[in-house]
Every structure is written in C-alpha cells, then in structure tokens.
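Participant: Just so you know, the sequences run in chain order A and B. The first sequence begins at 1 in the numbering used here and counts up by one. The second sequence begins at 1 in the numbering used here and counts up by one.
Hints may contain errors.
Just so you know, same-sequence chains aren't split out, so a pair can sit in one copy or run between any two.
Claimed, not checked - Listed next, the in silico PhoX-like pairs over lysine-lysine satisfying Cα-Cα at most 25 Å (straight line):
(1) K47 to K356
(2) K26 to K356
(3) K426 to K360
(4) K153 to K188
The hints are simulated quantities; they were obtained by calculation from the structure and are not laboratory data. Computed from a prediction, not measured in an experiment: that's the story for all the values here.
Protein chains: 2
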Amino acid sequence: MEYEELTEITDKVLKLLTEKNFREIKVLINDLQPQDSALLLDAMNEKDILPIFRLLSKENAAETFVEMSYDGQELLLNSFTDAELKAVLDEMFLDDTVDIIEEMPANVVKRIIKQSDAETRKQINEILKYPKDSAGTIMTVEYVSLREHWTVKECFDRIRKIALDKETIYNCYVTDTKRKLIGTVTVKDLLLHDYDTEITEFMEREVISAEATDDKETVAQQIDKYDLSALPIVDSENRMVGIVTVDDVIDVIKQETTEDISKMAAVTPSTDTYLEQSVWQIWKNRIPWLLILMISATFTGLIINHFEGELNKLSPLLFACIPMLMDTGGNAGSQASVTVIRGLALDEIRPRNTLKVLWKELRVSVLLAACLAVVCFGKLYLLDGLAFGYNYTWFICLAVSLSMFATVVIAKVVGCMMPMLAKVCKLDPAVVASPFITTIVDALSLIIFCLISMGLLPALS
Amino acid sequence: MEYEELTEITDKVLKLLTEKNFREIKVLINDLQPQDSALLLDAMNEKDILPIFRLLSKENAAETFVEMSYDGQELLLNSFTDAELKAVLDEMFLDDTVDIIEEMPANVVKRIIKQSDAETRKQINEILKYPKDSAGTIMTVEYVSLREHWTVKECFDRIRKIALDKETIYNCYVTDTKRKLIGTVTVKDLLLHDYDTEITEFMEREVISAEATDDKETVAQQIDKYDLSALPIVDSENRMVGIVTVDDVIDVIKQETTEDISKMAAVTPSTDTYLEQSVWQIWKNRIPWLLILMISATFTGLIINHFEGELNKLSPLLFACIPMLMDTGGNAGSQASVTVIRGLALDEIRPRNTLKVLWKELRVSVLLAACLAVVCFGKLYLLDGLAFGYNYTWFICLAVSLSMFATVVIAKVVGCMMPMLAKVCKLDPAVVASPFITTIVDALSLIIFCLISMGLLPALS
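With the rest of the complex left out, here is chain A (with noise of 0.2 Å):
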C-alpha cells in the first residue's frame, strides 16, 4: 500500500473516530494488511490507540501487534486489561515475544511473564540467556522435527497435525531420540517420493548448521550465501534448539549496514529507530566522535601557525586555497574507503586482494589527480584570477595544483589501505571510516602544500 493511500484512510478513521461511527472503523481497519493496520494504529495518539486496536478481530489483533514499532507496543500493553493481554500473548510466535520484551521496561515485562503460561515462560527464560546479538537470540523454537525411520505418510500426519503453530513447515528436521540434528527433509522432498518410502533413503545428512552462540551477522551470511530458506540451531553437543528464518535475515542485514553507515559517519549505532530515539540518547551516540575529531585538528592548526608567517609573506592568497585542498583531499578520500569498506562487508573484497586494491587505487588516483589538478590550475587562474580579480599568479596557480596532485593520491591511498588494514587487524573497517581517514589527509594535504609552496614559489617569482 502506497504512503499516501494509507495517510488518507488514517485521516478518514480519525474522522470516524469523532463521529463515533465505530462499526465503519472495524471494516475499514480489518479489511488491511496487518503491516498496514500497525502503521495506523502507530500514528493514533495515547486516547484512540486502545478503542481503534479494539476493533481489530482476534486473529488479525495479533499480527498487527507484532508489527507494531515499540512506542505503539508499550502504550497499548499499558492500557490492555490482563484478558486481552493473554489474549495477544496466546497467538504470537515466541521470537516476536522475546523482541517484545527485550525492549519493554521492567514494569512492563512482569506482566507479559506473568500472563504467559509456564511452558512459554520457559522457554521465553531461556532465550534470554542467550548472549547479545548471537543466533540464539533471533531463532524461533517452533519447527517440525521428524524421526529418520518415518514413512512419507507418517511425517505428512505429523505436520499436518502440527503446521498450524509453526512459523514454517517446509523445511524438517530429522533428530535422535537424543534430540540430536543427523538430517534434513524439505516437503518438496516428500512430495517427490512415495507414501511408503522411509526418509532415511532421502534425507540429506550434510546438514548446514549454526550453534545458538555464534554472531547473528555470520548465521544471515551463511543463509544468504547458500540460498537457504531456513538454517538449523544447535547448541554445542548438536542438540537441536530451534530454526533462523529468512525474513529474520533481512531484519539482521538491514541493521547491520545501518550499523555500517553509522559508524562511517561518525556515529555510535543504536538498535532504535531515529524516531524512538531521545535526545539525549542522540547526543551521547555523537558527542564522543565530534569530540575526538575536534581535538585532532590540533594537528592542521598547529601546522598552520608554524607556516603562516611564511605563507603570509609569499602570497596571503594561499590561504584562500587551503579549504579547496582539504575538502577534495576528504572527496576523494572517503570515495575510496567507502567504496573498499562496503565491498569488505559484501565480501566481494578479501584481505588476499590488499596489493590488487592498492594497484588499482593508485592508477585511478593518478588519473583523478592529473584531471583534478588541471581544472584547479584554470580555475585558479581564469576565474578566480581573472574574473575575480585576485593577483593569482601562474607561479601560485602552480604551487596549489602540484599540491592538489600530490593530496588526492595521498588521499585515495589513505582511504583504501585503512580498511584493508583494519580488516587485516581483524578491527572493524567501517569505524576507521571518512572522519579519521579526512583528519589524516587533512594533515598531510596541508603539509605538503606548505612545503610546495615554500619550496617553489621563492625559486619561481
């Protein structure tokens, strides 16, 4: 449903709403994609949310429920009486409940534990347990398992019997009375083999699998990477524990690059959305960059002051150029590291391909350069030269290209060799990032000029 569309039959049921004309409501808001409906209900406001959500029939209450974002989730789990929230609680799967309480307040949580019933609550304990973002904690315990001496009719029965609860039936997990994981069966397999053949025939035993202690990151790879619809969770003596879905790795893929992009500009990640963000939540994942980035520039401020009579008395001109330098040194630096830490991260990049990238960056760097010094040297002279009327002299004009030359190669060398470096260090790349790599070039970009500039312009003029 287009954002506009939905922005219309928001505004229609808030003007349902004061007419009181509840019955038009419900066909309205039951006749949505829950997706659709979470998105409405998250814009009502603390009175309306309770009344409207009401309306919703059983089923489609729930599901709208889990979509919900976490602000909307905690107005209306304040406001539910206990039968409703059981109510709720009854038909969601055990991972959207954990998310839930995962991010609930304490208050909040006792109720959900309390109106769960026993064996959920188990369960729910001891999904808690596991470590912060591993695989453990983004599983479903709500699978299918099949026993290896099974006839293709028995394993129907039994999901037939079964598949209503479970998130997903397609794929089936073949375990020993020990619960141990020694094979796999899709239902396209058992569609393809008769009623009468055991699955031991079948079944494939060279089971990809993750423990429910490995990183989040490294299970939605594996799925990516082998196609996979789901991937097994075993815990270390391959007991099977539960079963990672792909949408759940879409969920993990779109946050990790946030995290990604975040880091690069500076920020510490957050796992809330900007919106469910509070100030001062904002403000704490910042300051520390801004702060060590300011502080750094210690470094371009002193290497200004130790020049600047120098500078001052061959041309007060070459100030004006310094902000030009540095911003296309940054440019081009963050170009190449962007594009070498996004391609660690799609692992299309390996740490082997170190001497390639450099190879690569530097005859690019040497094109880029050439082109950009040009144009710097024209633009110098003709616009800001002659339109302008600055005394740019040939002899300046010169200096500022060579040292334009000398910074973008500087530059795209920096940029793409930190994070290689980093990957090799097993450091995170995307943390050296744009920001430190500009502080750097900044540095070295002014440097150079400064030693450019003192060397030829005394010769030249």
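Start from chain A and add chain B according to the hints.
Facilitator: Same frame as chain A, but now just chain B:
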C-alpha cells in the same frame, strides 16, 4: 565455510593439479557447497579453470556455474565446447540464465542463445524486453499454477509432477483459463485440508501482486514488509507472468544499499563489484563529483580572500582555527544527514515527520554545540595557548568557541533538512548527502566566523 578453510582447500587443489592427481581433486570439489566451489574456481587462472570445472558432477556443475563471478563465467563460456555449454544451460533456471546474458559480451550471448531450445529462447527474449531495474528482469517464470476447481489431491498430483523443475513450489498461483491471477494457495494450506476439498473453498483471494514493469526496489520492499516468500508478477491485464522470490530480494536490498552508500560518498553507483570495474570505469564514476565539489569550494576561497586582510590585522592565529571549524561542521552535518537518509531509506522517517526531525535535531545540536564550544575554548586556551605557547587570548578563544557553537547548530539543521527537502521534492535524498552539505556548511561557517571575529575582537581587546 570460513574464508581460511577455503583458502586451504584452494591451495591443496592447486598442489594436486601440479601432481595431476585429478581423482583427489574430484572428491574434494564435489564435496563442497556450490557457493564454495564457485569461490574456489573464481580464484583459478585461465589455464586451470576449465580442467577443474570438468571434474564437477553434472548437477554440481550448473549450480557452481551460477554462483561464480561474471569474470569467471566469461572465462568458462569462452572455453566450453558446445555440448558442455548446452549441458550447463539445460540445468539452469531461466532467471539465472538471463542474469548472465545481461552481463556477457555479444559474442558470448550469441552462443548462449544458440544452445538454448526454442521455448527458452522465446522466454529469454521476453524477459530481456522489460525495462532496466524492473521486476520483470529479476522474476523467475518457473512457478506452479493451479485451477480453482481442482481438489487438494489434484493439486498435489500436479505439484508432484512438475516440482523438480520449479524454483519454489510452496506458493502456488490459481489462474483462470486466460492466465489471469485469481488467488493463491500455499502447500501448507493444502496440507491442512482434506484430499477431496476444492481449493476454491480456501484459497486466498486478496492477492498482493506487482506488475512486471514495477521498479524492483518497490517489489523488494513489498516482499520484505509483508514477510512474503514470493510475490506474483502480472502484466497490465493481471495475467500471471512470473514470481519474485525472497532470495532475490536480499540481493536487491544489498544492491540498493550499496547504491545509497556510493551516492553518500559522492560516487556514481555501479552494478559491478569493485574488483570487476576497470580503472577507467572507477575514474568515470568519481571524477564528476570531485570536480563539482572542488569548483564549488570557490565560495570558501572568495570568503577567505574577502576577509583575509581584516582577520590578519586582528590576529594571524585566527587562520589556524578555520580547518577545525570546517571539519567539525562537516562531521556534525554528515552525522545528521546520513542518519536521516538511512531513516528515509528504511521508511522509519517519513515526509510528515519533517517538523519532528527538525525539532529533535535543534535540541540535539544545541547540546552538542554547547559541549563542543566549551571544550574548544579549553583546548585553544590550555593546549594551543599554554602548552604550545601560541598567544590565544581569551578574546580569540571566545570568538572561535561562539563560531563553533553557531557552526554546529547550522550544520545539524542543514544536514537534517536537505534530505527531508529532497524527499518532499521527490528527489533522491542520498545524492544531496555529506559532500554537498559540507560545501554549504563550510561557506556558512566561514562567514559566521569572520563576522563574529570582526564584531567581537575589536570590542573586547
């Protein structure tokens, strides 16, 4: 499989190759997952790649080929005999074939088309007709279609008969005699109903579908949002033409994110990976932006030249603070812009939130700016002043700190509002990102700095 493990196997294969121990190689590589044997082959040189590929079993060969890089595929396609080419093509799904065709040079494409049978050739040509980046180019035409008056048993019979050739069988599409899409049925639904029930009784009639000419990003977002495992693709008359599956979506999401990241770093996006791009291609994708941004730095140059004399009279030390002010402004701006751009891309921030975003950034920026201004004062006075012995009087420190405050607030406001504005104007928020914002913020912060210094210093000293 871990990267190190694969490197080990690759080295082993190369060693066995010099010993001509083909039997051992055959065991080794047929034991790998196709994604891993593809990586292994990609690392081989022109001479070795075909002999090793020939050791793959028939089914492994096609699956491995599909997973290889375009460069590796081209090497093989050029060395295949016609029979080998036909064998690989026969085992491939149509959408994979089309993917490869789109990347290969004309002479290779000709050979592929020649070795395909008439029906496949017709289908390939139809898919190639869809516009660039449309759903039609990523869909597969191998899906299961059913008729509404079939019983569950008839459906299962149909599925059993054709399952082997289909990429996915779990989502089935109910069409009428004119191929129009009228409903969907999952294998789960089929399993949950009696053998003699007609599917018209329980099929889902409210089908989410997309048109073949729709943008593939929109389709990916739909599949992600509604947690679908496949989305039916129809033509303008609602006739079924194919399906897009969830594993294609992961690729689209990764590709779109890479495009966004490239744009934010001022690089024209490319569909080829970094290592696949030629030096000239990389140059072409980077040079326009660097030129535009370098030339737009003319403003900062003009501003400095304009105020240069006055600043120098007040204190030459003021120049040394310009890089720090500009860099901090740039960093503060890109923190805000990148966060907002990512929020917009993930649909977490919407145009209606514009005022909310502005208000949040205003409060965050005042907190950040205050903190930075105080530290900046201390740094200049204590570090540069007392420790390094430059004569930073408290007037100068105050002027710089006030400029710092104003710069950070302006940077944040420009940084968050530019992408929001772009979104409202239906432009691409990522294109207006960091480098452009940096240029604007640079110019503004310089003017503020010069004005504050000239207004404040003569009055105080």
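Participant: Take the hints in turn and mark each one as holding or not.
Facilitator: Results of checking the hints against the structure:
1. K47 to K356: between (61 Å within a copy, 20 Å between copies)
2. K26 to K356: neither (62 Å within a copy, 30 Å between copies)
3. K426 to K360: Only inside one copy: K426 and K360 sit 23 Å apart there, 36 Å across copies, limit 25 Å.
4. K153 to K188: Intra 14 Å, inter 15 Å, cutoff 25 Å: intra and inter.
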